[in-house]
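To convert, note that position 68 of the sequence shown is 68 in UniProt numbering; the numbers rise steadily by one, no gaps.
Hints may be right or wrong, so weigh each one.
Simulated pairs of lysine-lysine, PhoX-like, Cα-Cα distance not exceeding 20 Å [to be verified]: (1) Lys-110 <-> Lys-5; (2) Lys-63 <-> Lys-120; (3) Lys-68 <-> Lys-5; (4) Lys-68 <-> Lys-110; (5) Lys-5 <-> Lys-63.
Quick list of simulated restraints, FRET-style, between CB atoms [unchecked claim]: (6) Asp-60 <-> Gly-106: 30 to 38 Å; (7) Asp-60 <-> Thr-31: 18 to 26 Å; (8) Glu-6 <-> Gln-115: 14 to 22 Å; (9) Glu-121 <-> Asp-74: 35 to 43 Å; (10) Asp-61 <-> Gly-24: 35 to 43 Å; (11) Val-67 <-> Glu-107: 21 to 29 Å; (12) Glu-12 <-> Asp-51: 17 to 25 Å.
Read the hints as simulated data drawn from the structure, not as lab findings.
Each residue gets a CB set at the ideal place from its N, CA and C atoms; glycine is no exception.
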Amino acid sequence: MSLDKELTALEEQGWAAISVGDGGFYRRLVTDRTVCVEPDGLQTGWELADDIDASKSPFDDYKLEDVKVLPLGDAAALITYRAVVRLSQADFTFQLYMTSVYERAGEEWKLLFHQQTPVKESEDG
Numbered sequence: 001m002s003l004d005k006e007l008t009a010l011e012e013q014g015w016a017a018i019s020v021g022d023g024g025f026y027r028r029l030v031t032d033r034t035v036c037v038e039p040d041g042l043q044t045g046w047e048l049a050d051d052i053d054a055s056k057s058p059f060d061d062y063k064l065e066d067v068k069v070l071p072l073g074d075a076a077a078l079i080t081y082r083a084v085v086r087l088s089q090a091d092f093t094f095q096l097y098m099t100s101v102y103e104r105a106g107e108e109w110k111l112l113f114h115q116q117t118p119v120k121e122s123e124d125g
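Based on the provided sequences and hints, a complete structural model is requested.
Below you can see the structure in the form of structure tokens.
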């Protein structure tokens, strides 16, 4: 499988895990070094997984657009994209710019860094 497809599939699996409150998915990906930059502050990867466990996401649907993957040497890569998310309880869609940095550990990828940045309303059309 190509690097682009492999990391896109990981991000898709992450969104699916969030949609059902499965923090365990992220516990398998994060390390003690993982840093997450969220709109409301910094978190460790473990805190991210705990937050996912704590509540089921309200979104019905999502799609990843403008996906770009940048290799960072032989054992690391960055993936960035725009996530378009539709909320289940309202007729509302929002968008986020997402960036994740992964490092290969044996046959697995580990999440080292993750950032979410809300798209300004004027940018999301």
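Structure-based check of each hint:
Of the supplied pair hints, the one linking Lys-110 and Lys-5 holds, its CA atoms being roughly 16 Å apart against a limit of 20 Å. A threshold of 20 Å between alpha carbons decides the hint, and for Lys-63 with Lys-120 the separation of about 18 Å falls inside it, so the pair holds. Under the criterion of a C-alpha separation no larger than 20 Å, the hint pairing Lys-68 with Lys-5 is consistent with the structure, at around 10 Å. Pair hint Lys-68 plus Lys-110 holds up; C-alpha atoms about 18 Å apart against a cutoff of 20 Å.
Restraint check for Lys-5 and Lys-63: satisfied, since their Cα atoms lie roughly 15 Å apart, inside the 20 Å limit. The hinted window of 30 to 38 Å between Asp-60 and Gly-106 holds, with their beta carbons roughly 36 Å apart. For Asp-60 and Thr-31, the Cβ-Cβ distance of about 31 Å falls outside the hinted range of 18 to 26 Å, so the restraint is violated. Glu-6 and Gln-115 have their C-beta atoms about 20 Å apart, which keeps the hinted 14 to 22 Å range intact.
Distance hint check: the CB atoms of Glu-121 and Asp-74 are about 40 Å apart, consistent with the given range 35 to 43 Å. With their beta carbons about 23 Å apart, Asp-61 and Gly-24 fall outside the hinted range of 35 to 43 Å. A hinted range of 21 to 29 Å for the beta carbons of Val-67 and Glu-107 is consistent with their spacing of about 23 Å. Here the CB-CB span from Glu-12 to Asp-51 is close to 19 Å, well matched to the stated 17 to 25 Å.
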